[in-house]
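J.: Each chain is listed here by its residues.
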Amino acid sequence: MITAIFKKLLAVLRVLKNAVIYLTFETVLLVILGILAGILIQLGFSTIIAISISIILFVVILLFTAIAYIKRRKTKTNSYLRVQGEVKLADNIAQILARKSPKEWEEYQDWLHDILLHRSHLIARNYPMWKVSIITYWQLTVFSLTVSLIKLKKIARAVWKIR
Amino acid sequence: MPGKNSNGILDLTLNEEIILNTLMFQERYGLEIINAISEASKGKKTISFGSLYPTLRKLEKRGFVTSRWGDETPEETTGARRRYYKITGNGLQAIKQKQQFLATLQNLQPSW
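So the protein lines, in turn, are chains S and D.
In terms of this note's numbering, the first sequence opens at residue 110 and continues consecutively.
In terms of this note's numbering, the second sequence opens at residue 407 and continues consecutively.
In short, the hints are calculated from the structure, not lab data.
In this text, all values refer to a predicted model and were calculated from it rather than measured experimentally.
All residues carry an ideal CB built from backbone N, CA and C; glycine is no exception.
Don't take each hint at face value.
[As the list claims (entries may be wrong)] Cross-link-like lysine-lysine pairs, in silico, PhoX-like; alpha carbons within 25 Å at most:
(1) S:K212 <-> D:K450
(2) S:K262 <-> D:K467
(3) S:K260 <-> D:K464
(4) S:K270 <-> D:K502
[To be verified] Incomplete in silico selection of chain S near chain D, CB under 10 Å:
(5) I164
(6) I165
(7) V196
(8) K197
(9) A199
(10) A207
(11) Y217
(12) Q218
(13) D219
(14) Q248
(15) V251
(16) F252
The following block holds chain D by itself, in its conformation from the complex:
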């Protein structure tokens, strides 16, 4: 599901940045993202369902993430399906630019 690119590529919130980093090397589904964040931070950083999915939709609209439906059988009671998310080239670029910006900022010598 490709979307439009954002003008403010550096305008990534902390949650958006964390989610993009979680998807850096492999596609994951929602609960897997939540668990990965919790595990990597040893429980110090958690992200709720309520903020994960709207953020994923925003990232998808900005073209930083794509998704596909999982091949697993749908949930037996509700028929809901699992969805896997994957970072795009734009998403990778956004992360790189953010990291470069922060590195430059850290090493910036005052010119005044």
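Just chain S, with the same shape it has in the complex:
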């Protein structure tokens, strides 16, 4: 009886954790969307073009996240792999970056390397696994968003030069 209640409680906590991560991620994306539109307007783009570019990029980032999430979910078949979830996500990010944006991968792969190194240091220091996962997921989100923004800035600058 107690075990069943405990299991249900754990399941609810897991759902809550995912909801919080998702909401944080969504808020960060929306803030970045606003900042990006502001930057583009400052660069001299008309408001409609700036907002359109921001929305397109927002959708692209969401698609990348969805693909990475789906790929990760497929591998979550047992508890061993669940523990390895964030490493798998890092691997997906690395593959996407190396394939689609080799220049940024060359520039920023040491960041990804250090995120995973930091993860292994935390595990070695006996940090709770759920804390390590949250920290690593957060760091991977910041990494993906920053590198995407850097890439977008480069594209915006190139477009600006062409104009």
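Go by the hints and put chain D onto chain S.
T.: Chain D only, in chain S's frame:
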């Protein structure tokens, strides 16, 4: 990876200055820089991954820092490699000029 020098050599942000000081006497990789800053300040000053690497890229572009890939085997899952950063002559000069400027500023007698 040499880069162009900046005109405003005194235009160092606090994070840029701290990172350059961390690299003053030895080359370090990213996580090592973060740990060194945290350790030296006894946890009072921390620098996140999100601000470290873009700052390192900026410093590299300004010619204050150079980097090389580490000889260690790449990370086994992602294949990502470790990168070591080293301060350049320009970087040392930037720090010296900043320190001289601050010292002059502290001892400046009003001439009006």
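J.: Now tell me if each hint is right for this structure.
T.: Hint check:
no.: 1; hint: S:K212 <-> D:K450; in the structure: violated (35 Å)
no.: 2; hint: S:K262 <-> D:K467; in the structure: holds (16 Å)
no.: 3; hint: S:K260 <-> D:K464; in the structure: holds (15 Å)
no.: 4; hint: S:K270 <-> D:K502; in the structure: violated (37 Å)
no.: 5; hint: I164; in the structure: violated (24 Å)
no.: 6; hint: I165; in the structure: violated (23 Å)
no.: 7; hint: V196; in the structure: holds (5 Å)
no.: 8; hint: K197; in the structure: holds (8 Å)
no.: 9; hint: A199; in the structure: holds (5 Å)
no.: 10; hint: A207; in the structure: holds (8 Å)
no.: 11; hint: Y217; in the structure: holds (6 Å)
no.: 12; hint: Q218; in the structure: holds (4 Å)
no.: 13; hint: D219; in the structure: holds (4 Å)
no.: 14; hint: Q248; in the structure: holds (6 Å)
no.: 15; hint: V251; in the structure: holds (4 Å)
no.: 16; hint: F252; in the structure: holds (7 Å)
Checked against the numbered hints listed earlier, the structure breaks hints 1, 4, 5, 6; every other hint is satisfied.
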